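> Work the whole structure out from these sequences, hints included.
Which chain is which? The protein sequence lines are A and B, in order. Using our numbering, the first residue of the first sequence is number 1, and each one after it goes up by one. Using our numbering, the first residue of the second sequence is number 1, and each one after it goes up by one.
Hints should not be assumed to be uniformly reliable.
No more than 20 Å apart at the CA atoms, straight line, and that leaves these computed lysine-lysine pairs for PhoX-like [stated by the list, open to error]: (1) 348/A x 409/A; (2) 199/B x 151/A; (3) 175/B x 157/B; (4) 52/B x 211/B; (5) 109/B x 199/B; (6) 144/A x 261/A; (7) 175/B x 207/B; (8) 48/A x 52/B; (9) 199/B x 48/A.
Source of the hints: derived by calculation from the structure; they are not laboratory data. Since the model is a prediction, treat every value here as computed from it, not as a measurement.
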Amino acid sequence: MFAIRNIGTKTFRLCRNLAQKNVANLSTSTDTINRSLYNFSDEEVQLKETVGRLAREKIEPKVREMEQQGDVLPEIRQLMFDNGLMGIEIPEEYGGSGLNFFSSIIAIEEFAKVDSVIGGLVDLQNTVVNTLLLHNGSKELLDKYCPRLAKDMIGSFCLSESSSGSDAFAMRTSASKNGDYYTINGNKLWISNSKHAGVFFVMANVNPSLGYKGITCFVVDRDTPGLTIGKNEDKLGLLASSTCAVHFDDVKVHEKNILGKIGQGYKYAISILNEGRIGIGAQMIGLAQGCFDKTIAYTRERQQFGQRIFDFQGMQHQISHVATQLEAARLLVYNAARLKEAGKPFIKEAAMAKYFASEVACQTTSKCIDWMGGVGYTKDYPIEKYYRDCKVGTIYEGTSNIQLNTIAKLIDAEFK
Amino acid sequence: MSLRILVGCKRAIDYAVKIQVKSDLSGVVTEGVKHALNPFDEIAMEEAVRLKEKKLANEVIAVSCGPAQSQDVLRTALALGADKAVHVEVPAKEYETLQPIHVSKILAKLAEQEKVDLIILGKQAIDDDCNQTGQMTAAVLNWPQATFASKLQLKDKEATCEREIDGGLETISIKLPAVVTADLRLNTPRYATLPNIMKAKKKPLKKFSPKDLGVDITPRQEIVKVCEPPKRQGGGKVASTEELVERIKKLGVN
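What follows is the structure, given as structure tokens:
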């Protein structure tokens, strides 16, 4: 079976030893109290190992194929559902896995090491879609959608439009009331996972004269007449992840499909993005670590001028610098996640984590291509994919500049 | 037919780890090294869980003999579908000299205590490659054995087993209770799903010491030396097939 599980070249198997040594140290069967951020519950350790194995054994061999096809393979999507990875925090009574927030973070990180598309799929479903529903849904909506989201249905979050990205509240999609129905008209853009989503959480304004206080969240089934999925954007990276326009032409939605309260959509959006940020942070550190591990394994084998390229002091200094940045990014992400779990204020830390992790991922992947040399530039090696995939990290779910604004606002408030 | 199945789960060094010999040549480095459930024991676990799903078995008990860390593989076994786990705690120092002969007596005692109908073990552990525990356990219990199983079918109180042997495949029929050892191609193990990892927390885990089971684990062997195999010498080049034949003849190979 270990023969069957043989994947990739010898080089990449070597890098797994490194990753595994780290996991060995995470065993909780020790005597001293571990207050470091590498302190995982038994379930979290098991989850990390199981997901890591699943990612390496089942997903890694298919990554290139999925990128070339521009889509996640149906069997991979099914695998994610079958293993309970699309309903990590959904309660067990709905068929979910009933785990904690940090478990989602671990799963996202482990998948992103192998393919940030899968990391992104797990991130959006768990930290955005499911959380939005669980925090704000009526019992009726929870009973209807939670089991599906855990079992076989992908959800999509529709906020951005062509003229409202960072300025999300300037959205033009409207919802006008007709008895106990609302009619939604508008066009959402940049909607991740929309190609296969079965349900859409749509932010639309019921009363534009109220400005952002009219924004309301509607839960819209895919087969609702008037809802059409537009073209998939031709992107630089994350090619296997669908990013389509979603068009709403007189889409009728019953008022019981309003998530939470009318006019509170803006609050839900802000709240969900504050948490989802940590998930993106996890995706970025996973991406950077996956890229880094493969590259270091190469530098320890590649020889020039009679020695390993790893042994040149110039290389060692660069490598150590990047490794330190990556470690710092991981600790920011883990800390923000644990603060959120503990019910403590975490918004500043989450913004810092997302901002730092995405910037570090870009630095890391760029340096990794340098260290790989010519082969880093070719598609025969997986490194260039990490480089292309990471760039969106500084843009989506709040650009780096927006994160910096948020952090500054919170610093200001601390000194009041 | 509702069988009770005992599955052996050994905590062994993970298959992907590069093994290093300790500097004092007394053994291999295990401190801080990644361990996992023995791959053949995973296959054994998978087979047991499948029998439960087919409603041929109603309880699967996972057992592990070893130090405190052995509980990790028991948790994995519970997450894979075992109903309860038994940890036979052997302190680290004594574990170094624990041998299949001891383990087989422990398993035999547990099998009697738990009134099991079928014991499924991995054919061997990937750390010592002994390939003895299954056979010895059957002998202690005086039960039939089907080792190197690549197919297992149960009907009434009989098991039909296809075995991988040197000459090919052999099919035998044995009466339960029996011992089966799993070979590579018996099945492809599942991953522990997240809901099952959570459910595993609530499943019972009992602890015994070898003494509780009346088994003496006094070492019967002394490890004299553990060292790496000699480094591979490079081969030589020959100019023609005739020269190759000459060289082979000289080495005394016919």
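> Each hint: holds or not?
The hints, checked one at a time:
1. For the given pair, residue 348/A sits about 9 Å from residue 409/A by alpha-carbon distance, which is consistent with the 20 Å threshold.
2. For the hint linking residue 199/B to residue 151/A, the alpha-carbon distance of about 17 Å falls within 20 Å, and the restraint holds.
3. Distance restraint check for residue 175/B and residue 157/B: the Cα-Cα separation of roughly 6 Å lies within the 20 Å cut-off, and the hinted pair is therefore satisfied.
4. Using a Cα cut-off of 20 Å, the hinted pair residue 52/B and residue 211/B is violated, with the two alpha carbons roughly 31 Å apart.
5. Proximity of residue 109/B to residue 199/B is assessed by CA-CA distance (about 28 Å); at most 20 Å being required, the pair is judged violated.
6. Between the alpha carbons of residue 144/A and residue 261/A the distance comes to roughly 18 Å, so the proposed pair stays at or under 20 Å and holds.
7. For the hint linking residue 175/B to residue 207/B, the alpha-carbon distance of about 31 Å lies beyond 20 Å, and the restraint is violated.
8. Pair hint residue 48/A plus residue 52/B does not hold up; C-alpha atoms about 27 Å apart against a cutoff of 20 Å.
9. Between residue 199/B and residue 48/A the CA atoms are separated by roughly 16 Å; this keeps the pair inside 20 Å, and the hint holds.
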